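Given only the sequences and the hints, what does the whole structure look like? Please build it.
Numbered as in the working numbering, the first sequence ends at 470 without a single skipped number.
Derived by calculation from the structure, the hints in this document are not laboratory data.
From a predicted model like this one, the values you see are computed outputs, not experimental measurements.
One should not assume that every hint holds.
To be verified - Okay, derived cross-link-like pairs now, EDC-like style, lysine to aspartate or glutamate, Cα gap no bigger than 16 Å in a straight line:
(1) K0 to D247
(2) K141 to D269
(3) K365 to D377
(4) K(-5) to E85
To be verified - Listed next, with one range per pair, are the computed distances between beta-carbon atoms:
(5) L71 to K100: 45 to 53 Å
(6) L87 to Y332: 33 to 41 Å
(7) N223 to K100: 34 to 42 Å
(8) S23 to E69: 41 to 49 Å
(9) S224 to L425: 43 to 51 Å
(10) R108 to E282: 18 to 26 Å
(11) K356 to M47: 55 to 63 Å
Positions of the beta carbon are idealized from the N, C-alpha and C atoms, including for glycine.
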Amino acid sequence: MEDLKRIKIKELMDAPVVGKKVNVKGWVRTFRSNRFIAINDGSTINNMQAVVDFEAMDEQLLKRVTTGACVSVTGELKESLGKGQTVEVIVESLEILGDADPEKYPLQPKKHSLEFLREIAHLRVRTNTFSAIYRVRHAMIFAVHNFFNQKGFYNVHTPIITGSDAEGAGEMFRVTTLDLTNPPKNEDGTINNKEDFFGKETNLTVSGQLEGETAAMGMSEIYTFGPTFRAENSNTSRHLAEFWMIEPEMAFYDINDNMDLAEEFVKYLVKYALENCKDDLEFLNQRALDEEKGKPQNERSSMSLLERLQFVADNEFERVTYTEAIDILKNSKPNKKKKFQYLIEEWGADLQSEHERFLVEKHFEKPVILYNYPKDIKAFYMRQNNDDKTVAAMDVLFPGIGEIIGGSQREERYDVLKARVDELGIPEKDLWWYLDLRKFGSAPHSGFGLGFERLILFVTGMGNIRDVIPFPRTPDNAEF
RNA sequence: UCCCCCUUAGCUCAGUUGGUUAGAGCGGCUGACUGUUAAUCAGUAGGUCCUUGGUUCGAGCCCAAGAGGGGGAGCCA
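The following block contains the structure:
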């Protein structure tokens, strides 16, 4: 084979130079008519068609061109005679880089269930659906940094191993180097954590917020984007034990500034996807439509994926206080007809997902930001409002997904925060540095957390969060 | 953690009231054809009916326990 530099399929398709000799490497999707090899290299959802003259080629070599095999083809780029593509490579030389035994290779040129593909997560990236999802995921990662960079926010790496167990966002994964079969003990029989690597009990982070706040109290506007770990025994299509979270934290922002930023942020991401992931979103749009064909009419969504994304980009989110939401729910049909599993009786009740869904999907039919929640159902660090009953918390709720963002204005008044910490019995030794922020140059500030995979669920139209991260970690599953 | 559903060929699924040799489509293989688009046509192979135990003359089908998967709830992002 001639020594020709490999070119990506995306490059060839974006700017095809007909008549040029090119080398393409990738994985065989199908080999039709003993003549047409559909090659995909992951640079785009589109395949490059390579045309071989089977009468002039080694039959044994062509036999090895099977679904899943990795090949390198070299030849002239020509306008395609067929209809499905504009250009194709007329193969002069063909090399098999890696065989794939068709009797054993699990992917076939046919539709596979998502459940089956989850079991072969190391190979599912070779399907249109998953490569499309991962390309969109990449675009969203890029867009997150782009958005904040343009706005003058600084990215901060908060620790993944944390020594404070006061974050209160959920069950934590223990990090230890102690010998679990024979751990060092104190005289009273408890484990002696002083012997552990850090000389104390440590865990994987459940949120970078508290550390993020320290950064905001010196750099004004920061954001984190990192892995987050929750050892909750959650078995749903919206929860992962290991996920990625974006947490901006802004000095001098009140709850309204916070909601403005959250809305602007999500809209930016959705618009970015619409503008930069056209091919992939069109494929995912069609995939979702095909999937819905199998569903009864009343379970189908009123808008297609692309329409939904455009709708979110174009329309104001509805902003409703908790108190207003309770009124709406109390007087709603399902509440009066006792259709809710949990009926709304009075102010103070925690909203269940059936209530959130009603507000978002039935009542307003658009994304909703709920804010000013009762303080008793929210975290200790949220700023108490003047009514003495509510805190300046806000949740952004999305159709089909529920809470995509949770945030608040933070309590910046030392006395108020200290009283709340004491009231809840949170040990001050874990939070002394957090309280210090309120002692020295405190400032009103706000922030929120966006669950990255939940955003990807929305943007790709997928239904299960295990399909929008390459290797999902969930209870009882850490395969791969 | 709780509730519900599922597990039959490589994949997606059918399998009647408990009855003789468990089926289809797709995929694989063999051959034909050759400008195809998940190519087409013909033929063909392929089964621990999730596991264990039980009921029965007889279990893919009934019962119990377990494993795996899915949907929903809670928790949350």
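Cross-check of the supplied hints:
| no. | hint | in the structure |
| --- | --- | --- |
| 1 | K0 to D247 | violated (41 Å) |
| 2 | K141 to D269 | violated (29 Å) |
| 3 | K365 to D377 | holds (11 Å) |
| 4 | K(-5) to E85 | holds (15 Å) |
| 5 | L71 to K100: 45 to 53 Å | violated (26 Å) |
| 6 | L87 to Y332: 33 to 41 Å | violated (58 Å) |
| 7 | N223 to K100: 34 to 42 Å | holds (36 Å) |
| 8 | S23 to E69: 41 to 49 Å | violated (19 Å) |
| 9 | S224 to L425: 43 to 51 Å | violated (31 Å) |
| 10 | R108 to E282: 18 to 26 Å | holds (21 Å) |
| 11 | K356 to M47: 55 to 63 Å | holds (58 Å) |
When each numbered hint is compared with the structure, violations occur for hints 1, 2, 5, 6, 8, 9.
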